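We have chain A already, so just place chain B on it with the hints.
Chains A and B, in that order, are what the protein sequence lines are.
Counting from 1, one number per residue, gives the positions in the first sequence under my numbering.
Counting from 1001, one number per residue, gives the positions in the second sequence under my numbering.
These stretches of chain B come out as covered by chain A in the derived footprint (C-beta under 8 Å, 3 or more residues):
1) 1086-1095
2) 1120-1132
3) 1141-1152
4) 1382-1393
Computed footprint of chain B on chain A, listed as stretches where at least three residues anywhere in the stretch have a Cβ under 8 Å from a Cβ of chain B:
5) 463-476
6) 546-556
Simulated from the structure, these hints should not be mistaken for laboratory data.
Here the structure is a predicted model, which means the values were calculated and not measured.
We put the CB at the ideal spot given by N, CA and C, even for glycine.
Below, each chain spelled out in residue letters.
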Amino acid sequence: MGGMNSGLSPSDPTLETAFRSALTHQGLLAAAIIVALLLLWGASRNWVPAEPRATAPAEPAGRRVLRIGFGLLWVLDGILQAQPQMPGGLPSQVIQPAAQSSPGWVQDIVSAGGTVWSNHPIQLAAASVWIQVGIGLWMLVAVRGEWSRAAGLAGVAWGLVVWIWGEAFGGVFAPGLSWLTGAPGSVLLYCVAGALIALPAAAWGSRRTGRLLLAGSGLFFLGMAVLQAWPGRGFWQGTSHGQPGPLAGMIADMTQLSQPRVLERIVAAFGSFDAAHGFAVNLVAVIALAVIGAALLTGRPRVTQAAVIAAGVLCLAVWVLVQDLGVFGGLGTDPNSMPPTVILLVAGYLALTRVPAAALAPAVPDTPAVPEAAGGPASTWPSRLRSAVAATSIGTVAAIGSFAVVMIGTAPAALASLDGNADPILAEAISGYAPPIDTPAPAFTLTDTSGRTVTLASLRGKVVLLTFLDPVCTTDCPIIAQELKLTGELLGGQARQVEMVAVAANPTYYSTGDTRAFDQQEGMASVPDWLFLTGSLPQLNHVWQQYGAQVEDLPAGGMTDHPNIVIVIDPAGNIMQEVNADPGPATTSTQTSYSALFAADARQALGES
Amino acid sequence: MTVLSTTAPSTVVLAGRPRARLGLIVAALLLAPGLLAGCAASGGHATTTTPAPAATAPLATSMTTADGQAWAIVAMGGPAAQEDLFWELITRPPGSDRWTLVTPPGVADNGGLVAAGTSGPLTVGFEPSQDLTFSPLATTGNGGKTWDAGLLNAHLASVPDAIAANGTGMLALLDDGAIDQASTGAGGWAPLAAPGAIAASAAGRRCQVTGLAAVAYTPSGTPLAAAACARPGSTGIFARVAGTWQASGPADPGGQPLRVIRLTQAPAGDTALLQAGTSGAGSLSAAWTGNGAQWTASPALPLHGAKVQASGTGPGGALWVLLSGDRAETLTGPGAAWRELPAPPRGTAALAASPDGTYDALVVSAATLTIDQVAPGGGAWRTEQVIKVPLQYGSSS
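Isolated chain B (complex conformation):
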């Protein structure tokens, strides 16, 4: 506000030098707390950052195990930002049309759930959230009635196929791109692939791997890993054969970069969901294999700008995709054509296929899960069941 000169010559006789310094001393003392404040606060605690997930498929899904039991994972509750988003596991026993809540207890599951197990026990992995950096596991052999605790002392990748199990072994895709394996149950984890190992392999270099998306076993027990590839025409599915990763995906005549967004196991084989091109002009296709070598591909499904919101598998190699814009597309199995279901009800988080071709829509509204059903021939969705989920809001924040 003012321009002042404090260096104006002074003709006043002051009372001695020591007293002349008094003002400066006082000024220094008064500035000290502020200056110290700046210095003292500069050594803050270091913060950690969580690496980005390996790929991009949403976690909501459903699957059917060898015994015909259907399992589905959906998110329910309030906003994720307030840690009030809870992931729930529900199951439908073979031959039944009633779903039951079987979310494994003991861990806040705000980070998400992933499940694996085609024949034998089902294993669920908890995606780490908030301050948790490793992944608890839970295994059930009785349809979710009871659970055995396990542990993967690493951070699971946030993709629906981050774990795979075949009764004798398990695979886990980690968020840093590594793959761990366990020979039995959830214990004794050991590295199968170091971060970047698949991208650095000969097959990976040919494919120009940009990120891993899934792990699975072939029916014969060969570990598979799925990836997104930058090189057009390359399908990023790799099999662990004789200690090396070898290209194992279907040939892609499309000539566009391909992302494998799902690679799921079924008793009879594996199902891959592939996305070609960008989302605007891209398309989806599926491929099935019984041995990891020969694949049967589906026709391409143009996305017309839609995005995949959820996907899953069903009996007999069935596959469904929930797309933005109220679209639901299904495939009944290898060799089948895409079939569009009636527009799913508002709030549909996932679909689930039945052996007879009926589809259930799992419709979420806060803590209410509604099961709507549509018959194989189409028609309208019909509400079959309503489940009130006892969410514990605030328990994870």
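Excised from the complex, chain A in its bound form:
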């Protein structure tokens, strides 16, 4: 799973501030779009006379429960995604733990997504908020018709993204799969609900959908009962070799999370109970799952009603005692699997027992065909457009607005995903704020790896990214060199206007042989516009002093101490900025982030010259 974590603290203030800013800006944009749509719709009322609309049949109760229930869940999940630590914390606190016990191929897939998140935490985190809030609103406002079905499909699509990359396939490929702990992943239930919402209206006109949903649920419960009862999986033991069993262990972990005291006590008490009576607890769980599953399979309304009620009670108990409501501590991203399970079961029961008589009638389209005569001359497209807008219902307008909210998140996330390099925000989070400077850069005369003399004056006309590197450094210097190498690649054609210059920063190892060896090691010898300069010790001491770089050997096998900085010098020879270039956690994300930051600084220096 290496590489998927940026290494930054989830509570990094720079990330949190940037996240808040992104949410605010995108929220304002979303609000503006919705207001504009509503104004447009309101104004359109005056363009053409209102047409009498056919009365639409009532939405089937089962579908309504699904749509509203999962719409609210999506909105709640979107709000949870807006937690300040989400950009920096999701890979390390949510994705990585979810995938760590899965097979290698699952981890590879999940890691790929986690890496993209780590590279673009602000864009992806903000996108998750708006996509989920947008889908939720969309489901809530689009009651019927194509827009409503499209909301269901949107839920399926985004749900699959979250299920694969956020929940590591819900842990279905990991050992220890258990319904009690959330298998097969709550978001897979969102996908099922989305698919049901996306069904044609006719599918809700018979009891068949409800019967299938409940039968499928019954099979699922039975399967989960078998898994729960399977010998050797540890669920029959409250403790094993002095350690808590799988369920008691998970509950014990839950109690460590930040949560209300009352809830913590309840959960802890149940954890102790399970540790002491693991067999009995599992027996109850197995029997309950099996009985509920069998009852759901019967398809008889009275039996299924009892089963749904029993399932609701069981789900509530598991939700509180085992899943800890799903949202406390760490970075909860959803209320876990029990609420969506209950909503699905209730929807299935209603679809089985309450089929509206009018449901089999043809659906009335949301946007009825507008008579050509209604808006005046029918041959011109502006008049047809006005008519179409005027004939659109407020529900459709709201659905379009919700879709726009989804797109506000999707578009930047898709664009960010195409960029294999990380956003500069990670580097800014590590390096801190670099105030602008405007002082002449001290002159120097040094020697490159070929023995040629190089002066700062000879670089006039180019932006100089100046750094101090120890040729025999074992950690930061090679990383900074690689960051600068990538900076050159990111600059593309502008790289010719930028010189990346390193000055040897070691009072013992500073010969051209040393700088050449470093360049060879790092593959810098072939990098255009790269210079690793050195000189005599007095020359170097002078440069170090002029640029305020303290360089000294440390005793007892320590590395030479020197500053990790990149000084941005404009083409006129003035220092514009001094960036703290400490690589920090030096993950792939932070390294490419620094490259992007240096490239941006160089472009800014070019632009301001």
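Chain B alone, transformed into the frame defined by chain A:
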């Protein structure tokens, strides 16, 4: 959780095909970031792997140069995993019983130190660590008071005898099995043996070389290379004579595969430490030569399952071995029998021999180095000196 059919026949009249595709378009747009995430992340940076070291002797050691100066290398500090393990070079001047810290500055030495130089300057090589892939060198001609920087633009093998120096030339055993040589000082390195060249030579094939372990010079300046051999009875010591590598080791009547785990220079000749058989049923023996051709062998020392934790040489061809299980065995020189020292103090990282037969135990505890001493006749270890080493924790991570 549910089995649903989305292909159920629909009798509902929908509002036109373009709008019917809306859901699919939305689904595609929403899936795009995730799919792009998978695609975009698949082209990660390539990682490099460091080849395995050529052989297996621990780096902790001690030696005595021609002028009687003792040198020792030990690891100190915290866990290596956090780059808080630092290797230190200490020295004891001739005639003195006080040790001084003289670790050469300028390079993080978490990868280890190796030293060479029997007569004349002492050269220390830094084993590359972390992102460093070449080996800085440092040479002193004044007992470690000052150091001159040098460079081997290659990766030294991680064995205590990876470099050899005789005042006029240097040899370096690299981690890929090549041997480089320099005619003077640390500059002007040139290949002496390509990777696999010794194994491919006639002598190497007879011996069935499995890996190189050491380089050394004979007193007359002939380069030697030591190896582990798979063929029982073959001792993998080779001399570079007339442009070819020739078998030069002592005859081994034992009939077991032999590994040369040390080959060290002394002013009067070279000392080899040989391990026969597997560690459980194996044994150690030493062999001395003054010319690289005739060897004097020691008796075999049964290991009884013990492993070599450190080894080194001393004046007059003395040799010591620190074994697991709190064992310390010594040889005073050619023809001598193994002698067991009293159980060394807990934390002993290396021993150091004195001309009078006294042994110092270099005992490490984090940043404290304690020198305990035992007299030639045996008895108990006695603490003689405590050195607080100013480790710079965190400076290499």
